[in-house]
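Undergrad: Spelled out, the chains give:
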Amino acid sequence: MDNESTYSGYSYKSSHSRSSRKHRERRDRHRSKTRDINIRGDKSVTIQAPGELLLDAESTRGDDRDDNWGETTTVVTGTSVDSISNEDLTRVSKDLEDSLPLECRRYFGPALGAVLGFFALVTPLAFLALPQLLWRDTLEPCGTPCEGLYISLAFKLLILLISTWALFLRPPKATLPRFFIFRCLLLALVFLFVASYWLFYGVRVLEPRETDYRGIVGYAASLVDALLFIQYLALVLLEVRHLQPAFSLKVVRTTDGTSRFYNVGYLSIQRAAVWVLDQYYSDFPVYNPALLNLPKSILSKKMSAFKIYNLGEENSTNNSTGQSTTMVAAAACRRDNSHNEYYYEEAEVERRVRKRKARLVVAVEEAFTHIKRHQDDEAAASSPKHPREVMDPREAAQAIFAPMARAMQKYLRATRQQSYHSMESIINHLQFCITHNMTPKAFLERYLSPGPTLQYLDNSRGRQWTLVSEEPVTAALRQGQVFSLRRLDFSLVITVTPLPFLRVGEEFIDPKSHKFVMKLQSETSV
Amino acid sequence: MSHHIPGQPVTAVVQRVEIQKLRQGDNLILGFSIGGGIDQEPEHNPFSEDKTDKGIYVTRITPGGPAEKADLRIGDKIMQVNGWDMTVVTHDQARKRLTNKKEGVVRLLVTRKSLEEAVKHSMGNGPKQ
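Note that the protein sequences, when read in sequence, are chains H and Y. Converting from the first sequence to the numbering used here requires adding 625 to each position, the first position being numbered 1. Converting from the second sequence to the numbering used here requires adding 1 to each position, the first position being numbered 1.
The hints are simulated quantities; they were obtained by calculation from the structure and are not laboratory data. Here the structure is a predicted model, which is why all the values come from computation and not from measurement. Ideal Cβ positions, reconstructed from N, Cα and C, are used throughout, including at glycine. There could be a bad hint or two in this list.
[What the hints assert, rightly or not] Ranges between beta-carbon positions, derived for each pair:
id, chain 1, residue 1, chain 2, residue 2, range
1, H, F1126, Y, P7, 55 to 63 Å
2, H, R1128, Y, T12, 44 to 52 Å
3, H, Y969, Y, H45, 22 to 30 Å
4, Y, H45, H, E975, 44 to 52 Å
5, H, Y969, Y, R74, 50 to 58 Å
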């Protein structure tokens, strides 16, 4: 289509930046900067050239995140949206390939966490195995009670394994600037726990070569029980607590005022930010910078300033205020005119869009009548007389694209969407619709209304957002908090209000109590 | 006629209207229609100023009838009929008072807004004269 216009492409750069909880905590204590300066510092790094973007301060720190907790350790991953030409695009992709070593470091944290988890799971088995290996002869034989304990141990370990896999082993969805308090707490708890069990084991069992094997098995079973309870605690802290809605977040996009309200539970600011961004990508219509400005013809008239000269005698003190008030008054007079023009201009634009939309709809409907799905049993009937060329969806799409191309292009230009839909993407979509037996209206749904941002995303790259907040981002949500998520050209401002406390009363209505009378409005002649 | 407080005496400027009943066949008619009453809905009365007023109002006047001749007007509120109170009566009681076959004449006390205003004007002009 129209790839030579000003918006010729979007580059999505992905850098996966990490933050380490423990390293960063130490590092941040040494820093005496406030949160905002820290964030601004990050932002200034991201504005630099694409190569630099990938090496910003956040990205290279390893972190000892647990792979088990992959879902919630998040750092703002790096992409920025610039409008650049296609050559820059290839250059940037080459830079991306250079950044591969960072990809490995991204998984350092999850790997460390996985090691801890594996260690915790293997410990009970080690407790059982070590006495058998080292001093088997002196162990007291242990019959049925031990076997019962073996079975319960085995099943509990299996359950632990499955639930760890189900809950925690997920690819990280986002990376956040600060560590998670709860997650850190839980990891530390697990580590302390297992370490203290090993300590006790080493002192009480390994050294004196304890012979009571049933006791050892019981000890291992108690470790597994405790691990299960820690996992329950993790489930409650990390997953369940966030489910019950407690706050309402109002999200407003600064450039065009699109706003939404969302209900969330008890989250920290950074987790709320990630949650809001998830909703943003599927709820908010895509940000189209071309739609924002008043037509230049109107703006230029507004901007022209009145020069006012004071002739005659006036105090010097009154001079400036007198001038400013007269200037404001004159500007106000001016403004009266321009709103009129704005109104007519808007009406004109709307009329033009509607006309082009009508042409587009007609063209598409007509184009769709040119093809139909080929049934195999028709082949025998039609082939002797009129051999029809059988096409696959791609060719069919290309065949019927031609008559509607011009109408489509004009419509996209009128609604300023031409940068989002290239000719290739339109043909792909057409092919998709033909394959799934969609009507022309279903095909057009994508173009007639601006879809959510997710529709236009290229999923191979991440997205970079900067969280700007006056309070530390691990603080819990509170009433009246305001924080914002910034990108290069727009930002989302989020305001937190608690959901109101509800006092729900009860009133019982007897179904037989619904009775009615006619209203009396008589008029009698006498 | 502002909102009447129940239990307080009602004061109004009234006009005496005397209507001679006209015989039409077997009936004695007065030539107007009434609406209102304590068993009716007062909100829909187009003639009352106070929409909680459940009094008896004249809703129609037959042209050329006895009521028109006696200068009864549409929208008048009937306060008394032959001495009987009409401010707190049901619709049917009002009808009965007006259509008593033994009475050939009904003497009404009616009030209307224009009466109040006329009195106010005259009182306003009075002291100056």
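Undergrad: All the hints need checking, so say for each whether the structure fits it.
TA: To see whether the hints hold, each was checked on the structure:
no.	hint	in the structure
1	H:F1126 to Y:P7: 55 to 63 Å	42 Å, violated
2	H:R1128 to Y:T12: 44 to 52 Å	49 Å, holds
3	H:Y969 to Y:H45: 22 to 30 Å	47 Å, violated
4	Y:H45 to H:E975: 44 to 52 Å	45 Å, holds
5	H:Y969 to Y:R74: 50 to 58 Å	55 Å, holds
Checked against the numbered hints above, the structure breaks hints 1, 3 and satisfies the rest.
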